[in-house]
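*Asks:* Now for the letters of each chain:
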Amino acid sequence: MLTITKYTIKEMIKKRAFLLIAILTVGYLFIYGYGLSLAFHSSNSFTGNVPDIGKILLESQLLSAGLYFSNFIVAFLIVLTSVGAVSGDVESGAIYALLYKPLKRYGYVLGKFIGLGIIITVYSTLLFLSVIGLNIAFGTKVYLELGNILRALFFFDLGPVVLLSLVIASSSIMSTVNTGVLAVMTYGIAMIGGILEQMGSFSTDATSQGLSNVGIITSLILPTDVIFRKMNAELLTQNTGLSFLAQGPFGGTSQPSPYMFVYIAFYICFLLYYGARKFEKRDL
Amino acid sequence: MILETQNLTKQFDGKGGFKDVNISIDSGMVFGFLGPNGAGKSTFVKTMVGLLHPTSGFGWINGFSIGTIESKRQIGFLPENFKYYDWMTGKELMKFHAELYKMKNPYKKIEELLDLVKLKGHENKKIKNYSKGMQQRIGLAIALLNDPEVIFLDEPTSALDPVGRIDVREIIKRLKDDGKTVFLNSHLLSEVEMVCDEVAIINHGHVIAEGKLENLLSKNTYVEMVISDYDSELIEKISKLAYDIVFKDGKLTFKIKDKDSIPEIAKIVVDSGAKLYQLNSKTSSLEDLFINIVGKDEDVC
Numbered sequence: 000m001l002t003i004t005k006y007t008i009k010e011m012i013k014k015r016a017f018l019l020i021a022i023l024t025v026g027y028l029f030i031y032g033y034g035l036s037l038a039f040h041s042s043n044s045f046t047g048n049v050p051d052i053g054k055i056l057l058e059s060q061l062l063s064a065g066l067y068f069s070n071f072i073v074a075f076l077i078v079l080t081s082v083g084a085v086s087g088d089v090e091s092g093a094i095y096a097l098l099y100k101p102l103k104r105y106g107y108v109l110g111k112f113i114g115l116g117i118i119i120t121v122y123s124t125l126l127f128l129s130v131i132g133l134n135i136a137f138g139t140k141v142y143l144e145l146g147n148i149l150r151a152l153f154f155f156d157l158g159p160v161v162l163l164s165l166v167i168a169s170s171s172i173m174s175t176v177n178t179g180v181l182a183v184m185t186y187g188i189a190m191i192g193g194i195l196e197q198m199g200s201f202s203t204d205a206t207s208q209g210l211s212n213v214g215i216i217t218s219l220i221l222p223t224d225v226i227f228r229k230m231n232a233e234l235l236t237q238n239t240g241l242s243f244l245a246q247g248p249f250g251g252t253s254q255p256s257p258y259m260f261v262y263i264a265f266y267i268c269f270l271l272y273y274g275a276r277k278f279e280k281r282d283l
Numbered sequence: 000m001i002l003e004t005q006n007l008t009k010q011f012d013g014k015g016g017f018k019d020v021n022i023s024i025d026s027g028m029v030f031g032f033l034g035p036n037g038a039g040k041s042t043f044v045k046t047m048v049g050l051l052h053p054t055s056g057f058g059w060i061n062g063f064s065i066g067t068i069e070s071k072r073q074i075g076f077l078p079e080n081f082k083y084y085d086w087m088t089g090k091e092l093m094k095f096h097a098e099l100y101k102m103k104n105p106y107k108k109i110e111e112l113l114d115l116v117k118l119k120g121h122e123n124k125k126i127k128n129y130s131k132g133m134q135q136r137i138g139l140a141i142a143l144l145n146d147p148e149v150i151f152l153d154e155p156t157s158a159l160d161p162v163g164r165i166d167v168r169e170i171i172k173r174l175k176d177d178g179k180t181v182f183l184n185s186h187l188l189s190e191v192e193m194v195c196d197e198v199a200i201i202n203h204g205h206v207i208a209e210g211k212l213e214n215l216l217s218k219n220t221y222v223e224m225v226i227s228d229y230d231s232e233l234i235e236k237i238s239k240l241a242y243d244i245v246f247k248d249g250k251l252t253f254k255i256k257d258k259d260s261i262p263e264i265a266k267i268v269v270d271s272g273a274k275l276y277q278l279n280s281k282t283s284s285l286e287d288l289f290i291n292i293v294g295k296d297e298d299v300c
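Chains A and B supply the protein sequences, listed in that same order. Under numbering that gives the first Met the number 0, the first residue of the first sequence is numbered 0, with each subsequent residue one higher. Under numbering that gives the first Met the number 0, the first residue of the second sequence is numbered 0, with each subsequent residue one higher.
Just chain B, with the same shape it has in the complex (with noise of 0.2 Å):
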């Protein structure tokens, strides 16, 4: 595991903040973490970068505590209220950040960033003349400084243009290829979507679902089906299989549990003699997923 916590645990005064965090994830991966606005993501991963101090519990990044030195040395990270020194430009920024990492020669790797974050040719202006995206660039570029292991990006894309989203998509995707772990906390979920092959979702600080993407929508596959003459034993039989069963307009509909049970359902019907016309299957999306949880969280908080 590059990146692992136990019951980890940040509270302010005995509120906000997270509880009892335990996550494990791979090399490689690129992680989201959702959770609508004060849920405790910021505060998370700030507590993962050494800004802030854990209440309880531990953390891990590539085997080293959270906050250490060592730690650190495995990181870049691209906070969600990113502000650089504007007095410097651009290049000038890269550079004392690369000499915080005691960078040898950094001209070349910053020459190199520059280009992947698409700032060339703006690199001498100063930081306070760049847009609020331009700068969200920079810090980008700044976060992939030392080579990191494991990159956090806090809501990157938030001050971007659409174009801007897709270099960023990009970017996470390239990062990925080259074996880097992206851990990417935002609550854009079409972007994590496309993105992302773990998630875990909070809420009011506790970890609600985690979870690969793709078994976590599974579990919210609807199945629509259009029969005739079927009879009641025909759907007692499926709701064994299936769950929340609605018959409306000559149509079934019905959500399963696992994708395996689409074939079986299928052969029930064909064996009970009823005539099967139609059988659509459809993945909820992630934002459906999250509304589910989240909202299903709110109703019992």
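One chain only, chain A, in its complex shape (with noise of 0.2 Å):
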């Protein structure tokens, strides 16, 4: 299994995807700090000695949104990298010369993984931490503290990891396309779930209470959104107390509750041992 994880690793990093994928990443990191630089510095930030709430809402809205953006950015690397991480091994015929060795099926479909989770943590670590810096260093005005910063960055990287493993539970058993359009669908229906609740968190009636279901119900198929917006909320409000900071489109106002992330390690747990069961009796 180890075997395969640190090629796994060494595959992504040989590969030149992921040259483009490091090149493309920080144009996007130019473009976000160039326009953080721009609001940051449009106006003064300060009506006298006091800090302009506008100004701060602005700050964590658009903090929020380069998270959120990133947040998209590993999810398609995910997709783009992983769809094929078993399925294209059975298609190529590659399998054939791995598994006839003295290797645990499961062990191969683990360690494919373990070794894509590491390069995804490090690669959304970076790209979360960047993010972060650039707020800081263009001076926003939202209280960020590193144990805020810490946990949010382990709701950031537990949604990929989340997403990794329905991909590779999905290749081990599926095509490569297959596994590339239920990766692509199930993201899209838990971010649109996501959106809807968060809508239905700003009122009361019956409405409001039918789109949260709705959030509900797309978080228990993929609950990548429902992490984000946990991310989201420890970063901007767990210590403020200032919940309008975590408001808006990319914001965490709907708070999953304790049980969700039970869940949350069950549905890990579940996919990839549902995956790896799969394919151990699979004929290749």
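Don't read these hints as lab results, they were simulated from the structure.
Here are a few chain A residues that sit away from chain B, every Cβ distance over 10 Å (derived from the structure):
1) Phe68
2) Leu143
3) Leu152
4) Ile267
Okay, derived cross-link-like pairs now, DSS-like style, lysine-lysine, Cα gap no bigger than 27 Å in a straight line:
5) B/Lys119 with B/Lys82
6) A/Lys14 with B/Lys94
7) A/Lys13 with B/Lys103
8) B/Lys101 with A/Lys14
9) B/Lys82 with A/Lys14
For glycine and all other residues, C-beta sits at the position ideal for the given N, C-alpha and C.
Make the complex out of the two chains shown on their own, each in a separate frame, by following the hints.
*Replies:* Shown next as structure tokens:
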């Protein structure tokens, strides 16, 4: 399993796609940083000695938007690099030379998951810290404490791991194309569900309850969006108590219950178990 | 027996694959598995190496059930549709596979095998820059990395030029000399004939002939005689030991079931008073045998 992990990481690093992703990420951060510099220095952020609340709100929204799109980029990185993690080897025939060896099939699946998980977590962490770093560098007035940042980082990295577990399980059972379709569609459903849930949280009538329920259901299908909302809340409201900072389309007003995180742990374990089990029984 | 199967069956939704295959192979043999395209050869090999799960029946490699980690430790395999990670160099690929076997210090073995398959000097090139033949050579080297007891070669020369084919043949002979068992899956009959001790012929998923190559071929020995002054009584006597008797252009040709019949038939001819001018025996090639057996099987089907 460790050999598969090691060579999965090597493959990601050696392939030019990774270099391309790194270059495009730098481009993305440059544009984001440029946007921040314009927004943060457009006017004085103090009215006398009191910080302008509207300005802080704008800055928190820019931070949330930066993290939201970073999260989106990581998700697409997962889809593009991992949909063929197992199925690609099966379809190309590379699997034949691997699995006649004394290597457990579940070890191969988990090795791929861990290898890709390490790479994606490193990338996701760097992206998260870069976005936070840019906001701090441009003098954001949003209160960001190290503890909040680390807790938020945990949740920022957890989302991709959840998506990766779905992709690896699917790739172990289905074709690369089907896995790609499944990953994109479920991610899209989770995203839309999350936005609807956020909208539902603004009012208390029956329609809003319905919207919240849609969000809960989509979170059960793929809990990436709910994890992002939790991350946003951890970063922006847990310490300051200013819940309005986490509002907006990218915010985390609607909070998941602790049971959701028990479900997420079960979700990852179950998908990996199911994918590996199916792969064990699969004819290659 | 180093390799044995008992009613081993692999079917896909009740179709294709192979059915009730019973094979026993002694250690140190080169065993040829023949059959037309789609007969079930590759499916059988994939089942033996644990890539496919049998529908029913049993198989053992060196006493271990097929598909188990223990049986996989005994084998090397060169797949027919080989494909290796093309972003690696030849040497990296070998090292990767050595690590899958948890080999402690594989470098000497890797050098040795690269030399054996004549890829020395190409080991630092990326696999994607290898020709198809070179990829097949590195595949063969990988199949031998763990010094396996049984080596499954599925169409090992399909991408090789004539020189490459000779090289592979030499490697197979060397493996046999080292006491290894080679299971050669091929439809190149001349190749099989040159290296195999035993063969099995499979068609439509069933083994329709199996045995030592020389025994199978000797069953198809043709005898051609030029005789004169014979009578019908002589023909009758010969027909008891031979079949498919044809008299044409002064020549009597027939097939015999056993080579030992030849001196007996010659004695009958001489004792009958007929004049024997010429006697030639010709053992049929594997190709003749294959066409004969598979052709008959097709007729039955």
